[in-house]
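Undergrad: Please model the entire structure based on the sequences and the hints provided.
Chains as they are written, first to last, in our numbering: chain A, 1 to 109; chain B, 1 to 276; chain C, 1 to 349.
Derived from the structure by calculation, the hints contain no laboratory data. The beta-carbon is built from N, C-alpha and C at its ideal position, and this holds for glycine as well. There may be inaccurate statements among the hints.
Claimed, not checked - Computed spacing ranges between beta-carbons, pair by pair:
no.	chain 1	residue 1	chain 2	residue 2	range
1	B	Ala111	A	Gly14	49 to 57 Å
2	A	Pro96	B	Arg264	42 to 50 Å
3	A	Pro73	B	Gly180	31 to 39 Å
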Amino acid sequence: MAEISFPLPDLGEGLIEATVLEWLVSPGDQVERNQPLVEVETTKSAVELPSPQAGKVVRIHGGPGDRINVGEPLIVFEVPDNTAGIVGTVPKEEAPKRRVRLSAVLDED
Amino acid sequence: MMSGRHTGEQHSHTVEGTDPQLYVAVHEPKTDAGLRPILLIHGFSSSSKLNWEDSGWLAALLDAGRRVITVDLPGHGRSGAPEDMDSYSPSRIRADLLQIAFDAGVRPVQAGDPASGLDLIGYSLGSRLAWEFGATQPEIVHRLVLGGPNMADPLAEFDLVAAQHYLADGTPIGDGSTAGLLKMAQALPSNNIFALLSLVEAIKGEPYDPAEAVPHMPMLLVAGENDDRAASMPQLAELAAKVGSMAEQLVLPGRNHTNAVTSRVFKQAAIGFLGS
Amino acid sequence: MSNSILEGETAGFRQTESAAGNVTVVMSMQQALNRALDEVLAENPKAVIFGEDCGRLGGVFRITDGLQSKHGENRVFDTPLAESGILGMSVGLAMAGFHPIPEVQFDGFAYPAINQIVCQIARMNYRSRGTLPMPITLRVPSFGGIRAPEHHGESLEALFAHVPGLKVVSPSNPHEAYHLLKYAATRPDPVIFMEPKSRYWQKGDVDAADGGSPEGAKVQREGRHLTLVAWGAMVARCLQVAELAAEDGIDIEVLDLRWLKPIDADALVASVRKTRRAVVVHEAPLTSGLGAEVAQLITQGCFDTLKAPVERVTGFDVPYPSGDLEDEYIPNIDRILFGIQRVLEYRRG
Numbered sequence: 001m002a003e004i005s006f007p008l009p010d011l012g013e014g015l016i017e018a019t020v021l022e023w024l025v026s027p028g029d030q031v032e033r034n035q036p037l038v039e040v041e042t043t044k045s046a047v048e049l050p051s052p053q054a055g056k057v058v059r060i061h062g063g064p065g066d067r068i069n070v071g072e073p074l075i076v077f078e079v080p081d082n083t084a085g086i087v088g089t090v091p092k093e094e095a096p097k098r099r100v101r102l103s104a105v106l107d108e109d
Numbered sequence: 001m002m003s004g005r006h007t008g009e010q011h012s013h014t015v016e017g018t019d020p021q022l023y024v025a026v027h028e029p030k031t032d033a034g035l036r037p038i039l040l041i042h043g044f045s046s047s048s049k050l051n052w053e054d055s056g057w058l059a060a061l062l063d064a065g066r067r068v069i070t071v072d073l074p075g076h077g078r079s080g081a082p083e084d085m086d087s088y089s090p091s092r093i094r095a096d097l098l099q100i101a102f103d104a105g106v107r108p109v110q111a112g113d114p115a116s117g118l119d120l121i122g123y124s125l126g127s128r129l130a131w132e133f134g135a136t137q138p139e140i141v142h143r144l145v146l147g148g149p150n151m152a153d154p155l156a157e158f159d160l161v162a163a164q165h166y167l168a169d170g171t172p173i174g175d176g177s178t179a180g181l182l183k184m185a186q187a188l189p190s191n192n193i194f195a196l197l198s199l200v201e202a203i204k205g206e207p208y209d210p211a212e213a214v215p216h217m218p219m220l221l222v223a224g225e226n227d228d229r230a231a232s233m234p235q236l237a238e239l240a241a242k243v244g245s246m247a248e249q250l251v252l253p254g255r256n257h258t259n260a261v262t263s264r265v266f267k268q269a270a271i272g273f274l275g276s
Numbered sequence: 001m002s003n004s005i006l007e008g009e010t011a012g013f014r015q016t017e018s019a020a021g022n023v024t025v026v027m028s029m030q031q032a033l034n035r036a037l038d039e040v041l042a043e044n045p046k047a048v049i050f051g052e053d054c055g056r057l058g059g060v061f062r063i064t065d066g067l068q069s070k071h072g073e074n075r076v077f078d079t080p081l082a083e084s085g086i087l088g089m090s091v092g093l094a095m096a097g098f099h100p101i102p103e104v105q106f107d108g109f110a111y112p113a114i115n116q117i118v119c120q121i122a123r124m125n126y127r128s129r130g131t132l133p134m135p136i137t138l139r140v141p142s143f144g145g146i147r148a149p150e151h152h153g154e155s156l157e158a159l160f161a162h163v164p165g166l167k168v169v170s171p172s173n174p175h176e177a178y179h180l181l182k183y184a185a186t187r188p189d190p191v192i193f194m195e196p197k198s199r200y201w202q203k204g205d206v207d208a209a210d211g212g213s214p215e216g217a218k219v220q221r222e223g224r225h226l227t228l229v230a231w232g233a234m235v236a237r238c239l240q241v242a243e244l245a246a247e248d249g250i251d252i253e254v255l256d257l258r259w260l261k262p263i264d265a266d267a268l269v270a271s272v273r274k275t276r277r278a279v280v281v282h283e284a285p286l287t288s289g290l291g292a293e294v295a296q297l298i299t300q301g302c303f304d305t306l307k308a309p310v311e312r313v314t315g316f317d318v319p320y321p322s323g324d325l326e327d328e329y330i331p332n333i334d335r336i337l338f339g340i341q342r343v344l345e346y347r348r349g
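TA: As C-alpha cells, then:
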C-alpha cells in the first residue's frame with residue numbers, strides 16, 4: 001500500500017488560504033474520485049472540494065474553523081501500490097460480442 | 001458528472017424583443033429520476049459556478065437524478081452586461097427566466113405527472129426572485145427552496161451614490177451594509193461592477209415586497225444560524241402560512257450568509273423536499 | 001480492486017513445465033516488460049532507464065516498478081517533464097557509449113521530442129558514417145483503449161516507420177513483450193518500442209527460455225481462407241474475430257506483424273499466397289496509415305493469386321477522440337467482420 005497526500009489546491013482568484021467548515025469524509029472511509037471531501041470557506045466564497053482520486057482516507061488535516069494555506073496538506077489517501085498514478089481505466093475483459101455474421105461461398109480453387 | 005451539459009447555450013427566444021445575453025446551461029443527470037427539472041437562481045455578486053457548481057450543489061442534484069437548469073443573472077458570471085437598465089429589473093429577469101424554462105422544455109404542473117412543472121432553488125437575491133416567480137407563475141412552479149431569504153431586499157437600502165463616489169475617488173462609504181456588499185462585489189475580478197450597480201439601481205426601482213404576492217406552493221426556507229441577512233426568515237414563513245402555503249424552515253447551526261451555501265444538511269434537505 | 005495485477009509480485013508467478021521441459025510463467029504484459037528490463041539492466045552494465053516517473057514511482061503503468069531500488073538511482077531515474085530533454089539526453093548518453101532505454105510516458109507526448117528523434121537519433125549513425133551509433137530503445141506506451149484524455153491514445157507507427165534510421169516494433173501479448181523488448185534493448189540501432197497500453201493488464205504464458213525468432217512477423221493463428229494482419233492491441237481483437245468467423249465456417253489466419261519497420265514482407269506474402277485474401281486492421285487513421293504499406297506489399301507479392309483487393313479496417317481520419325468515444329473509433333469486432341465480408345463477397349468483373 002502507498003500513501004498519497006493531497007495539499008489544499010489553488011482556489012483561484014489569488015486566494016492563499018481557506019477555513020475548514022466541515023469534513024464530509026473521515027479516516028477509514030473509502031472514497032471515490034470526485035466524491036465531495038470537505039467544505040471550505042475563503043474570503044470570497046464557500047466551496048466543496050471533490051476528491052482528486054479514489055482511495056481510503058488515512059488522515060485529514062484541520063478541523064472546523066482551522067485555517068489551511070494553499071499547498072499545505074489537506075488529506076492523505078492510502079491506495080494499492082499498483083494503481084498509484086495510473087491515467088485512464090483498466091479495460092474490462094469481456095466476452096466478444098458480434099452483430100455481423102459472415103456468409104460466403106468459398107470456391108476452393 | 002457533467003454529461004449532457006450544453007455550455008453556452010443561449011435561450012432561443014427573447015422577451016420584449018431584446019436579448020438579455022443570459023448564459024444558460026442545462027445539465028442532464030446520468031440516471032434520470034424522472035422528476036421535473038430544477039432551476040437554480042444564484043445570489044447577488046455570485047454566479048452559477050460559484051453558487052451552485054463550486055459549492056457542490058450541481059453534482060449533488062445530478063447525483064439525485066435531477067435535471068438542472070442554471071442561469072447567470074445579467075452582469076454576472078458568463079452572462080452579458082447589457083447597457084439598458086431594463087435588462088436588470090426583477091420583472092424583466094423573471095420574464096427571461098420563464099422563457100428559459102419554456103425553452104428547456106418545462107411544462108405546466110399536472111397532477112399525477114412528476115415530470116411536469118419546475119422546482120426552484122434560490123439563494124439570497126435568487127430567493128427573492130424565486131419567491132416572486134413562484135407567486136406569479138403558480139401553473140409552472142411545483143416547489144420552492146429559498147436559501148438565505150429575507151423580508152426586505154438588502155440591495156434596496158444600498159447607497160448607490162456613496163458607492164459611485166467610492167468607486168470614483170475612494171470616498172469612504174458611511175453605510176456598513178453598502179460597504180460590505182460593494183466589497184463582496186469587488187472581491188471577484190470576474191464581476192462587472194458597473195453592471196452590478198445597474199442591477200442595484202433596477203432593484204431599487206422595483207422594491208421587494210413579499211406580502212404583495214405570496215407563493216401558494218410548498219416551500220422550504222433555509223438559513224444559517226448566524227445569517228444576519230436572513231434574520232426575518234420566520235416572518236416570510238408566517239406570510240406563507242397565512243395564505244395556506246406549507247412552509248418548512250431549516251436553520252443551519254454555525255453557518256452564516258456566505259458559508260451556508262455549501263452545507264450538506266442544506267443540500268440533503270432540499271433534495272428530500274423537492275423529491276417528495 | 002479489479003486492476004490489482006501485480007498482486008503476488010515477481011516471486012509468486014505461477015509456473016508450469018511444458019512437455020519440452022521449458023518453464024512457462026503466467027504473467028501480465030506489465031510484469032513481462034518489467035522482468036525484461038530487470039534482466040537487461042543486469043546483463044548490460046551500460047543500460048540506463050529514465051523518464052517521467054520511471055524512478056521512484058516505477059512508471060505510471062508500473063513497468064519500471066522496483067528497478068530503481070534494485071539497480072540504483074544512477075541506472076534508473078526520473079527526468080523533468082520535458083520529452084525533448086529525455087530524448088536529447090539519450091543522444092548524448094548513446095554517444096558516450098551507454099544504451100539508453102528512455103520512456104515517453106504516453107504516445108502523444110512523443111511530439112515534443114520529434115526533433116530529437118527524427119533529426120538526431122534516427123540519422124546520427126548515418127551522419128557520422130557509422131562512428132556514432134544510437135543504440136536507444138525508446139519505450140512508448142501506445143494506442144488507445146483505456147478511456148484516457150487527449151494525447152493518451154494515439155498510434156504513431158506510421159510517423160516513426162516513415163523515418164529512415166528508426167526501427168519500430170510492437171508486441172501483442174506478454175510473451176512477445178518479454179522477448180521483443182529484450183531483443184530491442186540489445187540492438188545497435190534506435191528502436192521505437194510501442195507498448196499496447198490496453199493490453200498491459202492482460203495475462204498470458206511467457207516462456208522465457210524459448211522465444212523463437214525475435215525478428216519478423218509471426219503467425220498467431222493459422223487459417224486457410226483469409227489473413228488478418230494486425231499489430232499491438234489489434235492482434236488480440238483479430239484473434240477474437242477469427243474465433244467468431246470460425247462459427248460461420250470461415251477459417252482465418254492472424255498474422256502479428258510485430259515489426260512495423262522493417263516490415264516482414266516475406267511473411268505477409270507467404271500467408272496471403274496461401275489464403276488469397278487479406279484484411280489489415282489498425283487503430284491509426286486510415287489515410288497514409290501503415291495499412292496502405294501492408295496492402296501494397298501484399299499486392300506486390302500476391303497480385304496474381306489475390307481473390308479481392310486488400311481491405312483496411314482502421315481508425316477514422318480524425319484526431320483521436322476523448323475516452324468515452326473511443327469505442328466508436330477503434331476498429332471493433334463488427335467493423336472487422338464487415339471488412340472480412342467485403343473481401344469474401346468480392347467478385348471480379
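Undergrad: Decide, hint by hint, whether the structure agrees.
TA: Evaluated hints:
In this structure the hint that Ala111 of chain B and Gly14 of chain A lie 49 to 57 Å apart at CB holds, the actual value being about 52 Å. The supplied range of 42 to 50 Å is met by Pro96 of chain A and Arg264 of chain B, whose beta-carbon atoms lie about 45 Å from each other. Checked against the given bound of 31 to 39 Å, the beta carbons of Pro73 of chain A and Gly180 of chain B, roughly 33 Å apart, stay inside it.
Going through the hint list in order, the structure satisfies each hint without exception.
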